[in-house]
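Modelling step: build the complete structure from the supplied sequences, incorporating the hints.
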Amino acid sequence: MRPAEDNALLLSHFQESDVYFLSSLDNLEDAAYREHLREEGVINMLQCAFKEGGVLCGALGFDDCRHEGRKMTTAEIETLSLLAGIIGGYIQKERSRNTLAVNFRIQEVVLNSLRQWVFVVNQSWELIYFNDELKRCFPGAGFGKNCFAALHGREIACEDCPLEEMRKTGGSTSTMKRRFTAGFSATVSTSVIRNGGGEDIYTFCASDIQKTA
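Each residue of the sequence shown is one higher than the one before, counting from 1464 in the working numbering.
Hints are not guaranteed to be accurate.
Stated by the list, open to error - Restricting the straight-line Cα-Cα distance to at most 20 Å, the calculated cross-link-like pairs of lysine to any residue (SDA-like) are:
#1 1598 x 1642
#2 1674 x 1631
#3 1674 x 1578
#4 1640 x 1540
#5 1631 x 1504
#6 1640 x 1620
#7 1608 x 1663
#8 1640 x 1583
#9 1631 x 1587
What the hints assert, rightly or not - Quick list of the computed label-pair ranges, beta carbon to beta carbon:
#10 1499 x 1606: 15 to 21 Å
#11 1518 x 1494: 26 to 32 Å
#12 1518 x 1672: 22 to 28 Å
#13 1640 x 1498: 18 to 24 Å
#14 1632 x 1501: 44 to 50 Å
These aren't lab readings, by the way, just hints derived from the structure by calculation. Cβ coordinates follow ideal geometry from the N, Cα and C atoms, glycine included.
Laid out in structure tokens, this is it:
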């Protein structure tokens, strides 16, 4: 999350839209902000503005420090933007409970209409959110269940778990091809949401879902 008071350069890019996608630093005309991102190691980003009472408070999204020139599909951008909105509302819930409830219901309806898997886990690999499409493909998934058990049929975390990679490297995003139970495979994008002094949470968006016989 990028608070407004600390990210004036980023927030200046939300004049025409609440979604800002930067595929390459070479596409950024703002030299000062380009240098700022280069110092942070950011190669591309997708950020979604969040507001309180119509006032821009900050942005929440995904910074990619590994995949230069990555082309995100429209579906990925829409899904990650919706998810950013939900997480942004979650972080602000103590300040605006009523707004959160309305926004979450609307965005959850949209997420549940997608034919992609969207889910969120805490640091203990426990599912704290998942959309209807994930539940349809994995009926055993449930809140509080470990993702490696519900989705991979394992008793311990996966050897190539992106959470472990991000914890070790300090990275904030990961994208890889994964295999699941019931013959499913998908391209999975993972991002960590650093919640200040609270517990980090991890968002997953699976696209290009395929099932083999």
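How the hints compare with the structure:
no., hint, result
1, 1598 x 1642, "holds (17 Å)"
2, 1674 x 1631, "violated (32 Å)"
3, 1674 x 1578, "holds (13 Å)"
4, 1640 x 1540, "holds (18 Å)"
5, 1631 x 1504, "holds (17 Å)"
6, 1640 x 1620, "holds (16 Å)"
7, 1608 x 1663, "holds (17 Å)"
8, 1640 x 1583, "holds (18 Å)"
9, 1631 x 1587, "holds (15 Å)"
10, 1499 x 1606: 15 to 21 Å, "violated (39 Å)"
11, 1518 x 1494: 26 to 32 Å, "holds (28 Å)"
12, 1518 x 1672: 22 to 28 Å, "violated (38 Å)"
13, 1640 x 1498: 18 to 24 Å, "violated (34 Å)"
14, 1632 x 1501: 44 to 50 Å, "violated (19 Å)"
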